[in-house]
Amino acid sequence: MKWRRTAVAVALVILAVALQTTLFVTLRPFGASPALALLITLAVGRHLGRVPALLVGFATGLLLDLLSETALGLWALVLTTVAFATVRLRRRFEDDVTLLIPGVFLISFGGLALYALLGTIFGEQTLADAQVVRKMLLPAVYNTILAPLFLPPITRLIGERGGGRSGWER
Amino acid sequence: MWRPSGVDRSTAAFIGLVVVCLVLVTVDLRASGEGLGGTLRDGVQTAFTPVQKAAAFVSRPVVSFFEGISDLVGIRDENRRLRLQLADLERQLAETESLQRQVEELEEILAIAPPGELDTVAARVLATGPSDFDAIRLIDKGRAAGITIDMPVIDEGGLVGRVVAVTESSARVRLITDPTMRVAVRVERTGETGILIGRGGGLLQLEMFNTNAALIEGDLLVTADGRFPAGIPVARVTEAAEAEVGFSLITTAAPEAELSRVDYVKVLVFTSDQVGSPGSEEENPPIQPPLENGGSTTTTTIGSGPGTTISP
Numbered sequence: 126m127k128w129r130r131t132a133v134a135v136a137l138v139i140l141a142v143a144l145q146t147t148l149f150v151t152l153r154p155f156g157a158s159p160a161l162a163l164l165i166t167l168a169v170g171r172h173l174g175r176v177p178a179l180l181v182g183f184a185t186g187l188l189l190d191l192l193s194e195t196a197l198g199l200w201a202l203v204l205t206t207v208a209f210a211t212v213r214l215r216r217r218f219e220d221d222v223t224l225l226i227p228g229v230f231l232i233s234f235g236g237l238a239l240y241a242l243l244g245t246i247f248g249e250q251t252l253a254d255a256q257v258v259r260k261m262l263l264p265a266v267y268n269t270i271l272a273p274l275f276l277p278p279i280t281r282l283i284g285e286r287g288g289g290r291s292g293w294e295r
Numbered sequence: 083m084w085r086p087s088g089v090d091r092s093t094a095a096f097i098g099l100v101v102v103c104l105v106l107v108t109v110d111l112r113a114s115g116e117g118l119g120g121t122l123r124d125g126v127q128t129a130f131t132p133v134q135k136a137a138a139f140v141s142r143p144v145v146s147f148f149e150g151i152s153d154l155v156g157i158r159d160e161n162r163r164l165r166l167q168l169a170d171l172e173r174q175l176a177e178t179e180s181l182q183r184q185v186e187e188l189e190e191i192l193a194i195a196p197p198g199e200l201d202t203v204a205a206r207v208l209a210t211g212p213s214d215f216d217a218i219r220l221i222d223k224g225r226a227a228g229i230t231i232d233m234p235v236i237d238e239g240g241l242v243g244r245v246v247a248v249t250e251s252s253a254r255v256r257l258i259t260d261p262t263m264r265v266a267v268r269v270e271r272t273g274e275t276g277i278l279i280g281r282g283g284g285l286l287q288l289e290m291f292n293t294n295a296a297l298i299e300g301d302l303l304v305t306a307d308g309r310f311p312a313g314i315p316v317a318r319v320t321e322a323a324e325a326e327v328g329f330s331l332i333t334t335a336a337p338e339a340e341l342s343r344v345d346y347v348k349v350l351v352f353t354s355d356q357v358g359s360p361g362s363e364e365e366n367p368p369i370q371p372p373l374e375n376g377g378s379t380t381t382t383t384i385g386s387g388p389g390t391t392i393s394p
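Chain order of the listed sequences is W and P. Residue 126 is where the first sequence starts when you use the numbering used here, and the numbers rise one by one after that. Residue 83 is where the second sequence starts when you use the numbering used here, and the numbers rise one by one after that.
Hints were generated in silico from the structure; no laboratory data involved. Model, not experiment: these values are computed from the prediction. Accuracy of the hints is not assured; some may be wrong.
[Claimed, not checked] Chain P regions said to be covered by chain W (calculated; three or more residues, Cβ under 8 angstroms):
| id | segment |
| --- | --- |
| 1 | 98 to 109 |
| 2 | 134 to 147 |
| 3 | 169 to 180 |
| 4 | 223 to 230 |
| 5 | 249 to 263 |
| 6 | 315 to 323 |
[To be verified] Not close to chain P: a few residues of chain W, all C-beta gaps over 12 angstroms, as computed:
| id | residue |
| --- | --- |
| 7 | Asp190 |
| 8 | Ile246 |
| 9 | Pro273 |
[As the list claims (entries may be wrong)] Where chain W lies over chain P, by a calculated footprint (3+ residues, C-beta under 8 angstroms):
| id | segment |
| --- | --- |
| 10 | 203 to 210 |
| 11 | 288 to 301 |
Here a beta-carbon is modelled for each residue, glycine too, at the ideal position from N, C-alpha and C.
For reference, chain P alone in the conformation it holds in the complex:
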């Protein structure tokens, strides 16, 4: 192989590989992840999923052991907190059942079709992204289970992320904390809308469209745009904010989903086309009873127009 005098073989190989890498990056970015890169990703992920399944099977007891040790420290406080939460939820359940009956009666009187239910696919988190910079989770259900790209993923707390790649038996979910993620949200208390931006982990950044709106600590933010069904809890405001003249209203919010320890998730069988049909949000505003408890009911109404409900 020709190389300039004074450059040893390994340096020449290094320069050659760097050029190959830069070509690959350029080609992949131009193809936007489709084309050969997309095919290769699908193939490698399909081939590697059994290896990851085996590794997860072997490593899970080890992880559980270490988690058990760390959990022992706060288990008593956690137990007390859960008992209080259980009592609160039982009270809320009773209230919700009563509200549900009222809604059904009102729907009957007003001849409104009850909202439909969104199918969900339960899945287990199999793997994470290859580095801490990748806010990605691999789940053990894919195309065979009816999952397609862009479907929202939730856990018992709220929105986890959305599906960005699917193979026959697995799917990759991009978490809402990823810096490239944007989620349109509505403040449940006031109805004002804004946008949540991922910051790589921890808290999310909230930017409000109406800069005159005021936010208080604990305000629940739910999904508001057509990419996700409306009404899914996403985050809670962590710092009160009030706009100053000429400045946009920006604050932080903590995700409702427990993203650092997400183990089981539900994929909502929903695509943004489902709200793009006649009678969409603007033309047919949602009829939703006010939820005082931030939507923590056994059946969460999250839909508008065509109507969508997640069953427990």
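Chain W extracted, bound-state conformation:
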């Protein structure tokens, strides 16, 4: 069952990366697009075991690195941190569901801010980007808007069907 959940998580990640790179080539409201891979890492991280959630974050980031021209490991570091923040905060989100949506915003914004910072440290000149605030803020807002659409189906796919203890308790 654990493997089935991990396989579903991997399939979701691949789908998210494929959609993120193809759906938003020209469809970019206000010049920005949602960070779908980050949102899926967060959504999956709510339900998998702690270490598998970190590994999914790492693998998703590595896939993004390999599909971009950034230094290999940059996105992996960011999405591993996103997964870690998610597994640390998920019990709090479960206790108070109203925290989940602001939590999605904060984790998305924090992840993109970390990317901008690390990108600058590793020579990508991301903070030299004139639209850096917009590129952190708008995807985080879009993720927050999309969260109610994405999180419940993902919970149904890998959370509640996991059997036994829910992902929250692992």
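Given chain W, put chain P in place with the hints provided.
Then chain P, alone, in the frame of chain W:
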């Protein structure tokens, strides 16, 4: 697995993965994208391209639907603008044909070899970079179509970017708006040269080499260096600027290519070696008729020495 007391399993795993990431970043930066990182990128991009093609095939109607809705708002104004533009272009075409005949006659009289033509490869944009920070586009043509690294990419407006990675069936193009991109340009009106620097999106930053030069709004900037064929429209100055004593001349320019909605592009089969041969720009200055309309002709002369022309 050993871990210090008080550190739980997930924290230990997190620290371990962070260390792995930092090692990967360091190794990749030291290898400058070559080596194992480069091989892995090629392999993953090759394997993932069919997935992206399928996703693009499925998502394109959805994107078209939403674009159609947003386009409806300004379609009447757009129609009027296009009619005016068409009339203007027809007039320019007639003028250009006349100029072309004059050039041919002059070339014959002066015994100058006519410029050669650059081959182009038409391609469709398949995907974008994985985040808004990546000013990257993936196109559906690669090594099999003759594309190699560093080739310039244009659309109907002007320079889009340059090829930075190639697989057998796809290529990655870095847009001119990327903060790491530098394009040497020439002001078509005055001939003064400068450098355009990407700012991540929107407007580009223009720095002039000659700080005494003056720029006016609407000045067309065309490529000037050996990395790209000379004469490709790149951007238009958006703010007039005049140097003050002791200050460098810096202003902004808007890309001529429609980068936010680029769908089809042309890759120019050109490498910087092509202008490095004897008789390069300095030794053999280009003979170019003055283009009053900013190069918006059906055949754009963009070459010097060896001569390069993009056919429509």
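Outcome of the hint check:
no., hint, result
1, 98 to 109, "holds (count 9)"
2, 134 to 147, "holds (count 7)"
3, 169 to 180, "violated (count 0)"
4, 223 to 230, "violated (count 0)"
5, 249 to 263, "holds (count 4)"
6, 315 to 323, "violated (count 0)"
7, Asp190, "8 angstroms, violated"
8, Ile246, "9 angstroms, violated"
9, Pro273, "20 angstroms, holds"
10, 203 to 210, "holds (count 4)"
11, 288 to 301, "violated (count 0)"
Taken one by one, the earlier hints fail for this structure at numbers 3, 4, 6, 7, 8, 11, listed in ascending order.
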